[in-house]
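J.: Chain residues, written in single-letter form:
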Amino acid sequence: MIIEIGHYALVLALATSLIVSILPVIGARRGDASMMALAPTGALVMFALVALSFGVLTWAYVVSDFSVMNVWENSHSLMPLIYKYSGVWGNHEGSMLLWLLILVFFSALVAVFGRNLPDTLRANVLAVQSWISAAFLLFILLTSNPFLRLDPAPAEGQDLNPVLQDFGLAVHPPLLYLGYVGFSVCFSFAVAALIEGRIDAAWARWVRPWTLAAWTFLTAGIAMGSYWAYYELGWGGWWFWDPVENASFMPWLAGTALLHSALVMEKREALKIWTVLLAIMTFSLSLLGTFLVRSGVLTSVHSFATDPTRGIFILSILAVFIGGAFALFAWRAPMLKAGGLFAPISREGSLVLNNLILTVATATVLTGTLYPLILETLTGEKISVGAPFFNMTFGLLMLPLLVAVPFGPMLAWKRGDLPGALQRLYVVAGLSLFAGLAFFYVQNGGPVMAIFGLMLGFWGMIGAIADLWYRGNFGKLKFSVAMRRLAGLPRSAFGTAIAHFGLGVTVLGIFAATSFGTETVVEMKPGASVDVGGYSMTFDGMRDAVGPNYTESRGHFAVRRGGVEVADIWSSKRLYTARRMPTTEAGILTFGLSQLYVSLGDPMEDGGIVVRIWWKPFILCIWGGCLIMMAGGFVSLSDRRLRVGAPSRRAKAAKPVLEAAE
Amino acid sequence: MTRKQKRLAVIAGGMGFIFIAVLLVMFAFSQSVAYFFMPADLAKADVKPGTRIRLGGLVAEGSVKRGQGSTVSFTVTDGTGDVPVTYTGILPDLFREGQGVVTEGAFDAVSHSFVADSVLAKHDENYMPKEVADRLKKDGTWNDGKSNEAKGASTGATK
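Residue numbers (this note's numbering), protein chains in the order written: chain G, 123 to 784; chain L, 4 to 162.
Chain L extracted, bound-state conformation (with noise of 0.2 Å):
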């Protein structure tokens, strides 16, 4: 080889290096990206079983039930609509009824609940869209709670 197709032979190694990481990151994108969406955002959108997205909401009041072991279901409102969630393992410390979460999970295709893996609670408006807090504060159902004061504090539980 002459020095000018060995200096091809190692701009196309780089480039194609990089032509790999491209189409990487377009792949991992379309896998594993997880959509934010509220309980009435649901009802007009179709996420199909098993497609991962995070759900955001407050936790509705009483709806908190303790099951087998470590399950714990409860239901994430928006004041339109109303999902049931499952989720096993520990909830984060700032997890409380009528207080914002965000859990991470799928609908199961039989039981049509989400099953979450991931919860995470604040007591502030952070962990959701602005427009969905000023909703929610439109609407009167968003509970600023007592615990204002523990801001910049986020607690979270992952599987």
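Chain G extracted, bound-state conformation (with noise of 0.2 Å):
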């Protein structure tokens, strides 16, 4: 009974996307208020539903109710209880469920927020974010409803795949879609803009904290997933240039070009156009992911059943909103004004050169992971095109763009002074190139072109605090006095600084643990030792042990520096016993940002094993660097101008606006 609420409360959530859809929509254009006041509501009410059918799949998980067919494909009653909880969202029905929840809740979010916003513009928002509800709502109850039953109940579930049994699972997914679908607030509100045909400078700052907040929990996410991958996997990389990865990648570029070409729009009302096309193809690029995981078209852990039918469906949702925008915008966007003029060298220019290299580079991304799939589907021919093509590809174009950075906020508005922040930069650049020989010398050698990669880190790092220290104006003032204006500095200053500066860390822990890190392939015997990273190594043998629904052999390490030992690694293969699955946990030990890192292949018939041993130096930068970019998100997202419908458009009412002709 109760899951059947929980497919009702599903069928409720599409009639109530269905009125909000259409209904508020009508009220903008005629100004009823009444119809208008249904889309706020309507949100919230969505909301409800989809959350309490939610509820409803977890609570199956977590009794382990294994009539519902979803729960007995993907659990074990065996499974620790954490896993229960996340393995609702470890398969295509269930991931798609939270999906849609993170965007009514993003609705509702609006509904909420949005209490300053023009009647007519939030309206259309919430409309706009209704059609999306529907369609995938639609796209649940006909090709992925989670709430199907088996008749009689099985006693047994078939376990969920092992990979998936992981705190990764309980983190990764959460994140990587309160990114993914949080810009789909930036793609309503671009299209309610062209639907109106007005745009100005309040709204790129009613769209800037949405666009804000998305950016930052991609960015969690997709460090987390890397991370995740890397650790389980067991194959000692952090990034593989998998198309799904590649997925996730491209609206992050897409949404960094938009968190930065909004920016312009809202201080100087230029790049209007481009930032809604910005907005839109971002989006875009979000519901592209899905389809490309969610299809089935490529094959990863993440794909994780074939049903042609939903391709198809994903497909045409794909389709009908890429279509429908691009049309919309190809329509509308020569009605809207364009704005302000600048020079070349300015903060809008730089922020232009941020733009063109991000797109760019997004644009190569996405040729490299679409390019296989159109040719196999037009010729029949099978290629891959592996991380060489990425490396040499956005390696190379996103150069400049780090080379960039540091110049940004050091130019003014409208008009910059290049030699200026060049003389600044001086001492800057100086400083990278001694952190960097440094670096390279404490390292014992190396690869000589690394010292570059190193400059390059330092110089992002050094740069955002150089940033902070000509803003406050140190050296030149006194201490107390500089210390006085840091500190009044809007808090977006200062979130601009923090995640510039962890750009520079992870570019850094990037160079290093490629350029540093060694690779040991070696077959050990029990006694057997060896050495890595300035580490000896000895393993004592295999040990056989028995999880809550697995079994494993565990090889233990004993790790020494300078004959004395300093710590244990355990690394072991795992045989789940419901799928009668193998894996493989790599034996990881950190030392400060440094790993070692143990992969155990197959036993020998003389006793001994074959041993992966990774010594990656810095390799935490690459993780560390991007929750230090989220940290400068969430530091920007608090500041008080940017704060949810702080901004009024009142206070522009004596500018002309641009109303659409009709």
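Honestly, the hints are just simulated from the structure, not real lab data.
Only a predicted model underlies this, so the values are computations on that prediction, with no experimental measurement involved.
We put the CB at the ideal spot given by N, CA and C, even for glycine.
Worth double-checking, as some hints may not be accurate.
What the hints assert, rightly or not - Per the computed footprint, the stretches of chain G lying under chain L, defined by three or more beta-carbons under 8 Å from a beta-carbon of chain L, are: (1) 502 to 512; (2) 635 to 649; (3) 704 to 714; (4) 724 to 734.
Said to hold, decoys possible - Result set (PhoX-like, lysine-lysine): computed pairs, CA atoms no more than 20 Å apart in a straight line: (5) G:K459 - G:K389; (6) L:K51 - G:K504; (7) L:K7 - G:K536; (8) G:K504 - L:K47; (9) G:K389 - G:K536; (10) G:K459 - G:K536; (11) G:K536 - L:K9.
With the hints as a guide, bring the two chains together.
T.: Below, the structure is given as structure tokens:
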């Protein structure tokens, strides 16, 4: 009975979404306040219904109700409780329900926090959100219903895919979806602005907090996914340029561009049309990512089940929303008035450069991701585009951006002073060269080219500090005065500096880990030792152990430095009994920011075992930098000026607003 | 420079960057794209030693031999042709005789055997072109395996 309530709640949510899709738009056109008022109420009702439905599915998992097919296929009564909760979205149907839940959650947030938006804009934004909700509700109800029953109910479930039985599953998908789906709000704002045919700086102010929030969560989600893949798969890599990774990375790149272009629009009323287009593109890439991951056109741990009708359904959603939005854009954009002028060397100019590089880089990732799919569909030829392609194209194209990052915040709006910025950055360049050389020296050599990579990382980090230094005017003013000036800066200035600093940390980690890391593959018998990264590792032998729903064979390694035992590493091969599926659990030992990573291979006939050991110096900087970027996002989000709904269009009423020619 | 010239310079700069990106993409495609082959296709196609390709098929029964240290040799077959493969490193968890496998690497100029630097294994047909999986099924060489319930799970190893 409870299960059917969950199903019914989804049907009711669909009905509500259809009402909110249509009536508020009509209300906004006619100026009918009561019809427009349906939008926020409807959004809250939809959220309540979908949350109820999601709660019911979670309940089915927690009590292991195997009469529900979805639970039977993806759960097991012996599974630890946390995986019963996170297992709800560890399958196709459940993850689509989570997608939907987060979508309606954002609609509800717009309904609650958007009280001081103009009524028509709020009604239209919520209606557009509702179109997306309706499409995905239909998708779930028609092709991916998680509430299908089995009769008679099996006694035991088939267990969750062992790779997903990890804490990462509890964190990675919700964070990623908060980012991915959060961009739907930007999309809805863009489409609503196109429907209304007017757009101004206030619009950019309303959109920016949503963009910032989505971007912050997406940063966290991608970083979390990368770290999860790193420790769970046992391959020692942290980014594989797998199409599924690219699917989440492309909205991030476009979202980063949007974050910066919305800034220009808010401050200078320029780049309006471009910002609207970017908002549409960012969410389109999110939808494309959903299609790539959920339709089964790609094979990966993310594609749970392959059912061609689902692929076609998502492809239709994709075509309708992306096609529709671009058609609307083509029709309405010429009516939007172009904004202010600026010199090429200025804050705006540097943000345009940022946008140019980020969009071109997104396009190369898109090309590399879609080309094999398109080629296979057209010619049947099967090719693979791997890491070398992306490193060569994306890697090279991003270099100028990384060099340009510290310049941006140092240039003034409208007309910047490049010689002045250069003069300040000479010091930064000198410091980062020194830091890079020192780092290289401490690492006892390696590829000489690594110095440039290290410098680039330090350049970003020191550049961000220098930005705050010069804003506070430290060195020229008395320290206490400069501190007061610094404290008086808006939070968003700190957010920018923190995020740019984090970017530098990530870049530093990438170059340090790839340049100075080592990989050793050896066959080890009990008692054998091997030297890695200045540590000596002794293999003690294998021991058998039993977990709640698996058996494992654990290898023990004693780690010594200078003859003194400093730590132990356990690395194991597991066999999950329900699915008869083997997995490798890497043994990872952290020293400061560096890690020793041990992965086991096959046992040999003579009692030895193949062991793969990586020394990963400063690898934690890669994800640490992402966390710092995320912190920057939150600090910026807490800025008063950006607080949702704070800006008002009334203050700008004196300015003539372009009305759409109907 | 007048304002018009400045604007032209900016647009030219942007176009130049896009042009460089397009050239780079085309160059990278010509350098680093690996085509997929089955053993039978190799008889028809002329694949030069050193060219990176992906080779897919089934791991022939009884062909897996462990050599020195972590080097493994095995034969990839599709029922029509056989290709000997050597690989140094740790094989994926789901690698097994009679199961589907995709390896990436190049032919050695001297030994004419395929030297793989990455091996991917999976317990269903998803790592193969559908028509090939169908062909194998028709020929009766396809082994569905006992572990088909391990759906959606793939493992691999990359060097």
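J.: Now, for every hint given, state plainly whether the structure supports it.
T.: Now for the hints, and whether the structure bears them out:
1. 502 to 512: holds (count 9)
2. 635 to 649: holds (count 3)
3. 704 to 714: n = 3 at 8 Å, threshold three: holds.
4. 724 to 734: It holds, with 5 qualifying residues against the three required.
5. G:K459 - G:K389: holds (16 Å)
6. L:K51 - G:K504: Satisfied, since the Cα-Cα distance of roughly 18 Å is no more than 20 Å.
7. L:K7 - G:K536: holds (17 Å)
8. G:K504 - L:K47: Within the cut-off at roughly 16 Å; holds.
9. G:K389 - G:K536: At roughly 10 Å apart (the allowed maximum being 20 Å), G:K536 and G:K389 satisfy the hint.
10. G:K459 - G:K536: Status holds; Cα separation ~19 Å.
11. G:K536 - L:K9: Given pair G:K536, L:K9 holds - Cα atoms ~14 Å apart, limit 20 Å.
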